[in-house]
Amino acid sequence: MKKILLIFIFVMLVGCSSKEDQAIQQEIPSNSPKYTASPEKVSKQINTPEPEKKQEKPLMYQEFNSRKLKWGMGKENVEKTLNNTLSVLEISGENYYYHQGESFGLKSEVYYDFINNKLSRVTERINDIIPTSQGYLDVYKDLKNKLKKIYGKPKAERLQWKVDTYKNQPQKYEEALVKEHVTFIDGWEKSDTIILLVFGFEDGSPNVQVSYESKRK
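The sequence shown lines up with residues -18 to 198 when you count with my numbering.
Read the hints as simulated data drawn from the structure, not as lab findings. Among the hints, a few may not be true.
To be verified - Subject to a maximum C-alpha distance of 16 Å in a straight line, what follows is the list of computed EDC-like cross-link-like pairs (lysine to aspartate or glutamate): (1) Lys160 - Glu183; (2) Lys143 - Glu161; (3) Lys136 - Asp173; (4) Lys196 - Asp173; (5) Lys130 - Glu170; (6) Lys125 - Glu170; (7) Lys129 - Glu170; (8) Lys196 - Glu170; (9) Lys49 - Glu83; (10) Lys143 - Asp184; (11) Lys99 - Glu57; (12) Lys143 - Glu183; (13) Lys51 - Asp173; (14) Lys143 - Glu156; (15) Lys51 - Asp94; (16) Lys134 - Glu170; (17) Lys127 - Glu83; (18) Lys99 - Glu60; (19) Lys88 - Asp109; (20) Lys136 - Glu170; (21) Lys134 - Asp123.
To be verified - Simulated restraints on C-beta separations: (22) Asn64 - Lys134: 29 to 39 Å; (23) Asn64 - Phe95: 12 to 22 Å; (24) Lys129 - Ile72: 30 to 40 Å.
As the structure is a computational prediction, the values presented were derived from the model and not from experiment. Built from N, CA and C at the ideal position, the CB exists for glycine as well.
Could you build all of it, start to finish, from the sequences and the hints given here?
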C-alpha cells in the first residue's frame, strides 16, 4: 500500500477536473452492459453586518462509522477506542497499522497513518466488491451515493484515463473500468477532513479505497 498525501491529490483533483470530465461523469448510463474479465449579493449596504455564518460541525470520525476516533489520537488511544490491537505491515522500512473490518457493510482492511504518533489519515481498502447484475459501475455508484448522503455533493469528480479508447463512449465505461483503462475519483472537503473515493481495477481485481485525511497538521 503506497503512502500518498491525499490533500495534494485532492488539490490536483480540484484543479484538473474539467467540464468535459464532469459532463462525461454525468453520462454514465445506469444500464451499462456487464463486462466480465479475468481475475475514478455582495451586500450593497457596506455598513450592514453580514449574517453570522453557521459554524460547520467539526467532522469527527464517529460521524461516518462506529469507530469513535478523532484526529490527533495516539496509536495506543486508537487501539483502546477500537478495542482492537492494530497489526503492523512493514513496506520499504515504513510501518502501516491496520485491522480487518467493514466499510459500508463490505469487508475491508482499515489502515491508520500516524504523524508524530497522532492519527492523521484512515484508509479503508474495500475487498468485498461483487458486481451486481449490471456490473461494477452499479457498485461504484452505490458507494458514491452513500458518501453523498453523508457529505453532500462532491467538490471534485474525475475520470482518470490511462487508455482513452472508450473515453467518448459512456456505454462502454464498464468495459473500460474492468480493463483498467479508467479510474473513478471523487473528493469531498469538510472543515477538518479531506475524503476521497477511488474506484478502479489493478492486476485484474477491483482496487477500491475510501480515504480520510486530517487537514490539521
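Comparing the hints with the structure gives:
A threshold of 16 Å between alpha carbons decides the hint, and for Lys160 with Glu183 the separation of about 9 Å falls inside it, so the pair holds. The suggested pairing of Lys143 with Glu161 holds, with an alpha-carbon distance near 8 Å, which does not exceed 16 Å. For the proposed pair Lys136 and Asp173, the alpha carbon gap of about 15 Å is at most 16 Å, so the pair holds. Restraint check: the Cα-Cα separation between Lys196 and Asp173 comes to about 5 Å, which is no more than 16 Å; the hinted pair holds.
Of the supplied pair hints, the one linking Lys130 and Glu170 holds, its CA atoms being roughly 14 Å apart against a limit of 16 Å. For the hint pairing Lys125 with Glu170, the CA-to-CA distance comes to about 14 Å; that is within 16 Å, so the pair holds. Annotation: proposed proximity of Lys129 to Glu170 holds, straight-line Cα distance about 12 Å (limit 16 Å). Pair hint Lys196 plus Glu170 holds up; C-alpha atoms about 9 Å apart against a cutoff of 16 Å.
A distance of roughly 14 Å separates the Cα atoms of Lys49 and Glu83; the hinted pair therefore holds under the 16 Å criterion. With a C-alpha separation of about 14 Å, the suggested pair Lys143 and Asp184 falls inside the 16 Å cut-off, and the hint holds. The straight-line distance between the Cα atoms of Lys99 and Glu57 is roughly 10 Å, inside the 16 Å bound, and the hint therefore holds. Our distance criterion of 16 Å between C-alpha atoms is met by Lys143 and Glu183, whose separation comes to about 12 Å.
For the hint pairing Lys51 with Asp173, the CA-to-CA distance comes to about 11 Å; that is within 16 Å, so the pair holds. Note on Lys143 and Glu156: the hinted pairing holds, with a Cα-Cα distance of about 13 Å set against a maximum of 16 Å. For the hint pairing Lys51 with Asp94, the CA-to-CA distance comes to about 13 Å; that is within 16 Å, so the pair holds. A C-alpha spacing of about 10 Å is found between Lys134 and Glu170, which places the hinted pair at or below 16 Å, so the restraint holds.
Note on Lys127 and Glu83: the hinted pairing holds, with a Cα-Cα distance of about 14 Å set against a maximum of 16 Å. Proposed proximity of Lys99 and Glu60 is supported: the alpha carbons are some 13 Å apart, at most 16 Å. Proposed proximity of Lys88 and Asp109 is supported: the alpha carbons are some 5 Å apart, at most 16 Å. Under the criterion of a C-alpha separation no larger than 16 Å, the hint pairing Lys136 with Glu170 is consistent with the structure, at around 7 Å.
For the suggested pair Lys134 and Asp123, the alpha carbons sit about 14 Å apart, so the restraint of at most 16 Å is met. For Asn64 paired with Lys134, a C-beta distance near 35 Å keeps the hint of 29 to 39 Å intact. At roughly 18 Å, the beta carbons of Asn64 and Phe95 sit within the given window of 12 to 22 Å. Distance hint check: the CB atoms of Lys129 and Ile72 are about 33 Å apart, consistent with the given range 30 to 40 Å.
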